[in-house]
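Chains as they are written, first to last, in my numbering: chain Z, 1 to 364; chain V, 1 to 332; chain C, 1 to 302.
No wet-lab data here; the hints were simulated from the structure. Computed from a prediction, not measured in an experiment: that's the story for all the values here. Do not rely on the hints blindly, as some may be mistaken.
Unchecked claim - Capping the alpha-carbon separation at 16 Å, the derived lysine to aspartate or glutamate pairs in EDC-like fashion look like this:
1) K98(Z) / D113(Z)
2) K199(V) / D306(Z)
3) K187(C) / D113(Z)
Said to hold, decoys possible - Output of the computed footprint for chain Z on chain C, the stretches with three or more beta carbons under 8 Å from beta carbons of chain Z:
4) 150-164
5) 178-191
6) 207-214
Unchecked claim - Reference excerpt, derived from the structure (chain Z facing chain V, CB under 10 Å, subset only):
7) S224
8) T275
9) I289
10) D298
11) P309
12) S316
The beta-carbon is built from N, C-alpha and C at its ideal position, and this holds for glycine as well.
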Amino acid sequence: MQRLLEYESGCGLAGGWFMNGDTAAMVKKAGPGEDGPLLEVRGLKKYFPVTEGIIRRRIISQVKAVDGISFTIETGETMGLVGESGCGKTTTGLCILKLETPTAGTVLFRGEDLSTLNTRQMVPWRRKLQVIFQDPFSSLNPRMKVGRIIVDPIRVHRLIPDNHKQEARVAELLGLCGLSPGMADRYPHEMSGGQRQRVGIARALATNPEFIVCDEAVSALDVSIQAQIINLLEDLRDQLGITYLFISHDLSVVRHLCQRVAVMYLGRIVEMTTTEKLFKDPLHPYTRILLAAIPIPDPDIEAQRDFTPAQGEIPSPMAAPSGCVFHPRCPLAVAGCSRERPPLRELRPGHHVACTQVELNPIS
Amino acid sequence: MAILLEVTDLHTHFSTPFGTVKAVNGITYTVNEGETVAIVGESGCGKSVGALSIMGLIADPPGKIENGHIRFMGEDLLTLTDEQLRRLRGRRLAMIFQEPMTSLNPLLTIGRQLCESLQTHLGYTRTEAVNRAAELLAMVGIADGGRRLKQYPHHLSGGMRQRIMIALALACEPKLIIADEPTTALDVTIQAQILELMKALTRRLNVALILITHNLGVVARYADRVNVMYAGKIVETGTARQVYALPSHPYTLGLMRSVPRVDQARLQRLIPIPGQPPDLTRLGRGCSYGPRCDFKTDRCDDESPSLVETAAGQCSACWNTKAVADSLGGGS
Amino acid sequence: MQLATDDASRVDSPEDVSLLRRSRWTDWWLTVMHDKKALAGLVILAVFVFMGLFAPLIAPYDPNDMEYEMLAPPSRSHLLGTDDLGRDLLSRIIHGTRISFFIGFTTVALALVSGVFLGLTAGYYGGWRDHLIMRYIDLQWAFPNFIIAVYMVAVFGTGIFNLTIAISLAYVDDFARLARGMVLTIKQEPYVMAARAMGASNTRIMGTYVLPNATAPLIVQATVSVSYAILAEAALSFLGLGVESTTPTWGLILAEGRSFISRAWWVGVFPGLAIMLTVLSINFLGDALRDFMDVRETQDLM
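Pulled out of the complex, with its shape left as it was, chain Z reads as follows (with noise of 0.2 Å):
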């Protein structure tokens, strides 16, 4: 609450109190989710029916896209959540934001339910909650110029009644992302795609989040420029002291932006730990041979690698394997694999685990 009449005095003074360092002290300050982590998950769910027949329809079975995940996000921290298509990273971010139902399972924010809320309730939440896409062709309205595209979250919340600041905040938020103010008189279509970035980036920032779900935010961009976009990222968590849930295929960026990384296959998180101890020593054997598969750019390196790819295909969730999803490609699986789900176990201090064979078969 406090917080949130600071803002009301200070949202006059465009310019002054956002861009002030000690905003990040400011946040993690404030608010009543000191005790607790900011977002806690816990044993979410979401199964997609798969319908049958024109006149009447019948639920021929579930996709299990998200199947009981649990983990927490701590203030200030980011978090990857990496994993191959169909593993549900995305549908994860989506009922995060409330964007998706959950089938079951709960949302804490700040410790407020947000899987209890109504569509009217949950507005106030949305300003603290925000997310950048993958795509930045399809991610911005193309009828509308990119000052009407930033301006428009704070016109919802109503954040800034008056017309001349509204625009000197959109213009303050244009250069906070790298872009010039006249950047607010394009059409996206007039930009490139690392600069429509920056305005999915602006737009999030127009409302003042504490927590950003970041979806392949770029993943689409070529490497050059993806580049500029992951600094502007690192530098508004540092500067502003966003959360951040980074969602990605790419485990060389998520090794870069992320302090702690869930790895998911399937619908299930397989292995969770810290980055410095997923990548060092990694346990879970889809992590491992995840990390194998991944080229390195430095051809000495690549020569010196012994590289076998991985066996099989990634199943389809309409017909996810029994028991432990990742036994049929697995190279540790035992009979007893297939039979029953290993629970997400924390093997070492402070790194999880869903695996009942890696400890009896230490890593060469």
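Starting from the known structure of chain Z, fit chains V and C onto it as the hints suggest.
Just chains V and C now, kept in the frame of chain Z:
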């Protein structure tokens, strides 16, 4: 090693309402028999257009090969008739595209598509073709080929379809395969499978491969030689080791520095290349990388540099290669 | 601006900013000027609109004056000849422009607004609203538009007001169906997701995110429908289900001319020509509009 493909001063332009897009603006390179050459660059740098020019697949209009020669197995492809080119395309020259779903005909079975190619180009009979098709599927790692031949493309996963594309490309024992971002649409673990397969097969059958990609890791793992493209030109060429160890063009250096690496913990901020690629309809007379370059001098504004050898087998199109080398500490 | 660090601040170089800045209307105007067919269409329509607006001033005679020679061929005093009651054909056609254009544009405007409302509601909310609206649309779809218009007029009676309502009702389903289809696609776009994530209300999302992106095909459909509506009015009047016979409309004149087509060709040909020219012009303009919208989309690929 004999030279298989020789591209000389190739220019491919597209006329659009917004001006002429010089997509490929004078590229020269060779591919030896059995060799894997990577063409790296960001979107819009002309890497795909260059490949399509070799295949004779540039739609005219709006595209047009304005100038240059493409010598393949001693013949200049640009002087061939459509019919001759078509015959060559199936037989000696094959292409694998990025999106395996759209490059297979959704209405025909896998077997039908494979056999058709074998029957028209190699004059196989129906039974011979079916047997050979099953052999090809086994070669690309697809078990129970007999069943798969009867399936349609939508029955298969993306990785499977790309395997089929490879089988199709290999069907007539070509000398050269052009793979345009063959694994970009695939997941990491599947990408690794497909690339390993392509590497093994091209080695075994002595097929040359032009691997077009934006992924520097893929290049490092699979390419013998590398051509780095920027704004329609090749700015650096060399063996993969040379280019990665001692990049001699500022753009190559910039690319290497701007990718985070999965094998290294975060040491520092990334060093991105400032600005963005130029508008290909409005290229100036100077070096097109000039506006983004840290090593820019006055000369770069006026004259466009051409490829000059900086080390044995390594060339760079830059006026200031010495400054670039010095910035790397003279070698390591 | 501490945050806009080295790499970021150089993103927009001066040459980017100097990009040609034009408004959309200027773009549209330029497209029309470059397209000879569209330009011709625009000029012809402008002439008709002018004629309709100033009909009493332009028309050489009173359209209902029956004082002249009956069925006189085109001559200097009656440029397009006279009809069977001795009325000046040119004056009748000039006055007829009013009704034909009024009906053409009003009916489409009504059909567009109500159709888009229904389609938007059905597509955006889905569920029972979608079911209800779509069943009605399906029902209407099952009958040809013209039959519906005939039926409506038969029930409610003739006259310009009833005619307008009847014809617009007949076209509602076209717009509703099209709008619903567009909404279903646009609803999935990430920018609509982003609007939901920012907490925008449903009306705001529909009004500022969904609808503006669905306009292109709707406008094209509207131009096509205007020509159909003018034809429908002509056809209804031709059947005697249109306005009172004292009010000249193109369809009515055409209908009257039918009986004398062998003796006095001009009574049927000239109103027919007016209808043809209008329909053609509107379609030319519609084509240009579609090309113009297409350019906007394909520009992204460059």
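Hints versus structure:
1. A C-alpha spacing of about 11 Å is found between K98(Z) and D113(Z), which places the hinted pair at or below 16 Å, so the restraint holds.
2. With a C-alpha separation of about 15 Å, the suggested pairing of K199(V) with D306(Z) holds against the 16 Å cut-off.
3. Distance restraint check for K187(C) and D113(Z): the Cα-Cα separation of roughly 27 Å exceeds the 16 Å cut-off, and the hinted pair is therefore not satisfied.
4. With 0 residues bearing a CB less than 8 Å from a CB of chain Z, the segment 150-164 of chain C misses the requirement of three and the coverage assertion fails.
5. For the segment 178-191 of chain C, the stated coverage by chain Z holds: 3 residues have a C-beta nearer than 8 Å to a C-beta of that chain, and at least 3 were required.
6. A count of 4 residues in the segment 207-214 of chain C with a Cβ less than 8 Å from any Cβ of chain Z is obtained; the coverage claim is therefore met, three being the minimum.
7. This hint holds: S224(Z) has a C-beta 4 Å from the nearest C-beta of chain V, less than the 10 Å allowed.
8. At a threshold of 10 Å, the smallest CB-CB gap from T275(Z) to chain V is about 8 Å, leaving the interface hint in force.
9. Restraint check, I289(Z) versus chain V: the minimum CB separation of about 6 Å is within 10 Å; hint holds.
10. The criterion of a C-beta within 10 Å of any C-beta in chain V is met by D298(Z), whose closest approach is roughly 6 Å, and the hint holds.
11. Because the smallest distance between the Cβ of P309(Z) and any Cβ of chain V comes to about 4 Å, under 10 Å, the interface hint for this residue holds.
12. Hint status for S316(Z): holds, given a least beta-carbon distance of 8 Å to chain V, under 10 Å.
When the structure is compared with the earlier hints, violations turn up for hints 3, 4 and for no others.
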